[in-house]
Structures are given as structure tokens and as C-alpha cells.
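A.B. asks: Chains as they are written, first to last, in our numbering: chain A, 1 to 353; chain B, 1 to 123.
Be aware that one or more of the hints could be misleading.
Using 25 Å as the maximum straight-line C-alpha spacing, the simulated PhoX-like pairs for lysine-lysine come out as follows [unchecked claim]: (1) 123/B x 104/B; (2) 12/B x 57/A; (3) 12/B x 64/A; (4) 2/B x 105/A.
Not the full set, but computed from the structure, chain B residues with beta-carbon under 10 Å of chain A [said to hold, decoys possible]: (5) 14; (6) 33; (7) 72.
Calculated from the structure, these hints are not laboratory results. Treat the numbers as computed from the prediction; the structure is a model and nothing was measured. Idealized CB from N, CA, C, for every residue including glycine.
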Amino acid sequence: MAEFYNNLFINFKSNYLELPQLIQIIWIVIVVEFILIITAFIFLSQIRLRFTKNYKKNKILKEKYQELLINYIYLTEEEIQEKKTIYNQLHTAVKNNFDREVIQKLILRLHGDLSGELATFLEELYSKLGLIQYSLKKMKSKVWYIKIKGIREVTQMKVQGVYEETLRLINHDNKLLRNEAQLTMVKLYQFKGLAFLDTLEFPITEWQQLQLIEEIQNIRNEELPDLTRWLKSDNEYVVSFALKLVKLFNQIQTQELLIKLVMHRSKRVRQNAIGVLEYFKIDESKTILKQVYSKSDVETQRYIVKALLELANEHEIEFFESLLNSEDPEVSQMALIGIQSLKPYFATVKLTK
Amino acid sequence: MKQKVLFAEDDKTLSLLLKFRLEKEGFETYMAADGNEAKILIEANNPDIILTDIMMPFSSGLEVISYVREELKRDTPIVVFSSAGQEEMVLKAFNLGANDFMSKPFSPNELIIRIKRILMMLK
């Protein structure tokens, strides 16, 4: 048999060597590609097999632990021995990575659907099983999306004691991670968490500001911190956000600063400040608004005239009249409305002309 | 005789948790993992009250409500569960004939109170 294979090999070799060089190279390429395809096929099959195995294992463990978990939740204080046995089973299981992931997901998912006593019970169980440590470990991971996973877990389970750790992520290079850390600060530490605004070096998008405000509106029984430090921030986005908070919480006592912000270097801040002055109807801002009008860009000029429409009295008629010939039709139209509201006869004459 | 509750929810853990709780409260429970299963169980068992999630595989909670009201012509009370951001779906559910709704996350204690109150009002 060995001789047969030996002869076959020698025949193949001599035939191969007789072939032209180009054909020899093509043969080599074919063989190498064939080997690569087979290797890739084996590799992918192994991966698929592993996924299927893990999926099945996950399903079995999920069934097992969800039953244990529900039993544990509904066992009464009289059934303490049984409760202890289940707890020990879960406690041992979390030491295994695969089992822990399943238990963690089950608790988090269930917690997401529940409120009240049961939600608190699950938060306590999460802590008692030591799952917090694993969430914190995720927060310390080098991979940004694992960090986000960790942050979300500690936020959902209302884990305290992550203030410093979260604050460190506020100026992370990854935008999604930064946003998540900001939301966590507010969700877990309410107004105290807003301290991240002191150190924030990056912009806060409008959408993120809306999300933060949504969380802030849920804060109950806490005293609002002094917003002036953020109105003076070097980060224009922080100032804009603080302006939104000023409006939301009617912090009219900040009016002096608000008036100063009309001259802020950032157009966004200037426009937002004008909007807040208009909202609070701060009479004292009229002079400065009229002063900065000519130095402002077209968009900001519209903000100014719109604000003055709310604040105007007979002293602004002259100013409005000066705008009637403005190159911007929106401004001249608003000026006319202003005059009409203050001096209806004059406006009618202008309009008929 | 035990009152029958049908609970349609695709999250098995939540289903199991509520099954335990409802049975503890003395109800007979029927659990459906999707809208199609819910329709079959409703037709076969005629529950006293239906609790259904809005988003489910195969047939949504809205389809279940429509099936009960339009095809089976039954006025069984229906409570829908919705997640945040599904306000429009809730309005549709009410238009189709749902009697009450609870938004997730919800308290099982509150759910039990609501079920008992609805069933008591029907007596």
C-alpha cells in the first residue's frame, strides 16, 4: 500500500515538474486557496457550533435561574430555609462568568419592567449577590462600550458610591460614554450630580440637554443649586444649558448676569440669554438690547427685536421706527407690529402708505 | 369558582413572576408568549380579564384587542401594558376598546388592585 502511494506521489511529482512554469504556479495557487477555504470552513463551523452551544446553554440556564429567582421573590419569611437554599444557589452561580451573565441579565430585565417594592427588592438582591462589583469592573474596562454597559447597570440598580468614578468619565474622548456619564450623574446624584458642569470641557448637544432636563424634572425635594457659577462658565454649552435651567426653575434673581450674557462671545449664548430675558420680561435689559442691536448679526437682531416686542413701552417707539427701513423684512415687519401695539394710529398710516 | 386571567407578554420572566403573584391571589392564569397564542387561549378559555403587552411577536396587543372586540364580539375587560414612548399606541388601544392601561415599569401590587377593581365593577 505504502509503495502504491509512493509511486503515485513520484508520478504526480514528475508530471508536475514537466508542466510549464505558469501552470505550476496556478496549481500552487489552487492548492493554497483550497487549504485556506477548508481552514476557514472549519473555523467558522467551530464558531457556529460554539454559538449554538452557548445559546442552548443560555436558554437552559435562563429557565433554571428565572424559576429560582421568582421562587426567591415570592417565598415568605416563614419559608426561610428554602429561601436561604435558593440564595446560596444564586450566590454560588454568580462566581461563574457564564451563569453570572445570565443572572445579571435576568435581574436587570425584570427590574426594568417593575417598580415599587419588587424593584427595591431586586436592587437589594443585586447588591447582596455582589453583582455591583462586576458592574463596577465593567465601568473600569478599557473598552468604551463595556464602560457604558457598566454605567447603565449601576444607574439602573441605583448603586451609590460611584460619584468619583462617573465624574472621571465626564471628559472621556468618546461622546456616547460622556453622555451616559452625565445622565448617570443626574440620575444617581440629582442636583449634586450637576457638579459635572464645573469640569466639563466638551459640548453638550441639544438632544443631550433635553435628556438631562427630562431627568432634572424628576428630581423631588432637593434644593436647586446656585446656577450663577455655570452662567459664568468658560464652556459656552454649559452656559446655554444653565440658561435653560434658569428658565425652567424661574431663577429671575440671576437677571444681572443674564443681562451681561447679551454681550457674551458666543452667539448661541447671546441668543439664549435674550430669549430668557424676553421670557422673564426683564425691563432693565431694554437699554443693553438696543445698544447691542447694531453690532449684532442678522439672526441675533431678530432675537433682540422679538424680545423688545415683549418688553416695549412708548420709549421703544423711536427704536422701532428706526428699524422700519431695515434690510431684513422680518425685522421691519416686527418693528411695525411693535409700533402698532404702542401707537396703533401711526402704524395704520404707515401701512396705508 | 376561580376567576380567569389571561396575561400576554413576550418576556417569560415577567410572565412567570405575574403568574406566581396572580395564582397567589387566587386567580386561574393563562399565559401567552405572543399575540397569536393569546388569541387562541382567549377563544378557548374565555378569560374574565385580559392583560396584554402592546409590543409582542406575531400579533401585537392592538391586534389582540381588535380580535376580542371585533371578531369574538366579547366585552371582556382588557388592560394594556406599554413602555415609555408608546403613548400613541395606548391611544390606539383605547380606541380599539381597551379598558385600562399601565405603563412599564409597573408595580405588581398596583396591577392586582386594578384587576380586582375592574372585576368588582363588572359584578
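A.B. asks: Please verify whether residue 12/B and residue 57/A have alpha carbons no more than 25 Å apart.
C.D. replies: holds (17 Å)
A.B. asks: Between residue 2/B and residue 105/A, is the straight-line Cα distance small enough, at 25 Å or below?
C.D. replies: Between residue 2/B and residue 105/A the Cα gap is close to 34 Å, so the pair fails against 25 Å, i.e. violated.
A.B. asks: Are the Cα atoms of residue 123/B and residue 104/B separated by 25 Å or less?
C.D. replies: violated (28 Å)
A.B. asks: Regarding the hint that residue 14/B lies at the interface with chain A, is the smallest CB-CB distance below 10 Å?
C.D. replies: With a closest approach of 5 Å, the residue 14/B hint holds.
A.B. asks: Compare the distance between the alpha carbons of residue 12/B and residue 64/A with 25 Å, and conclude whether the hinted pair is satisfied.
C.D. replies: holds (12 Å)
A.B. asks: Close enough to count: is the Cβ of residue 72/B nearer than 10 Å to one in chain A?
C.D. replies: Where the cut-off is 10 Å and the nearest Cβ of chain A is about 28 Å from residue 72/B, the hint is violated.
A.B. asks: Does residue 33/B meet its interface restraint, that is, does its C-beta lie within less than 10 Å of any C-beta in chain A?
C.D. replies: violated (13 Å)
Going down the numbered hints, you'll see the structure goes against 1, 4, 6 and 7, while the others check out.
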